[in-house]
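Taking this note's numbering, the leading residue of the sequence shown gets 1, the next gets one more, and so forth.
Note that these hints are calculated values from the structure, not bench results.
Only true hints are included.
With a straight-line Cα cutoff of 35 Å, these simulated DSBU-like cross-link-like pairs (lysine-lysine) come out: (1) Lys-162 - Lys-55; (2) Lys-82 - Lys-55; (3) Lys-115 - Lys-55; (4) Lys-82 - Lys-115; (5) Lys-162 - Lys-115; (6) Lys-162 - Lys-82.
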Amino acid sequence: MATPEDFSISRRGLIAGGTASVAAASVTAPLTSRAAEKPANRPPTARVAFEVNGKAHDLELDTRTTLLDALREHLRLTGTKKGCDHGQCGACTVIVDGRRINSCLSLAVMHDGDKITTIEGLGLPGDLHPMQEAFIVHDGYQCGYCTPGQICSAVAVLDEIKAGIPSHVTADLTNMPTVTRPELRERMSGNICRCGAYSNIVDAIVDVAGVKA
Numbered sequence: 001m002a003t004p005e006d007f008s009i010s011r012r013g014l015i016a017g018g019t020a021s022v023a024a025a026s027v028t029a030p031l032t033s034r035a036a037e038k039p040a041n042r043p044p045t046a047r048v049a050f051e052v053n054g055k056a057h058d059l060e061l062d063t064r065t066t067l068l069d070a071l072r073e074h075l076r077l078t079g080t081k082k083g084c085d086h087g088q089c090g091a092c093t094v095i096v097d098g099r100r101i102n103s104c105l106s107l108a109v110m111h112d113g114d115k116i117t118t119i120e121g122l123g124l125p126g127d128l129h130p131m132q133e134a135f136i137v138h139d140g141y142q143c144g145y146c147t148p149g150q151i152c153s154a155v156a157v158l159d160e161i162k163a164g165i166p167s168h169v170t171a172d173l174t175n176m177p178t179v180t181r182p183e184l185r186e187r188m189s190g191n192i193c194r195c196g197a198y199s200n201i202v203d204a205i206v207d208v209a210g211v212k213a
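Input sequences plus hints: build the corresponding full structure.
As structure tokens, this is what we get:
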């Protein structure tokens, strides 16, 4: 059986052995860390071509990019607002091929070849859309943050009614829906106005529709 004397080591030998271990670690550590490094993976991209407000655009986008971010961050069309980013407030509403959608819930790559209209495409200062003019006349906004989405949605709502698309409160499904205040409130319920200008918004839509509702 070995005795403690068999494992004796001098103080000088202990220090020398420790120094050698540290030196070896300093040499191998960078090699180990470099070996563990992996090249960063680039996210997949895709080319998307669509028409926005009558102008053709061809973009190379991360496939996870929403239509909202493509409009705001890549095309600098910041009229469309990012509110909840969960499809609950309607601030990001745009019109795609004649139908309104929440652009925060739709990927840009889904709209290759589509025709998209944002608030900038409806009208600009000096050449306003009738719905924009009506919102001004009836004070259909306060802070204005939700207003672009409200106006895009309102324009599409009148087109929906004209096309005979019913809502959850349409009384008679055998006939064309008509512009009534209950109809408008139901159809606009996905567009939230935190300032509470709802009655004025309905007044503006009724004005553009040209009916007494």
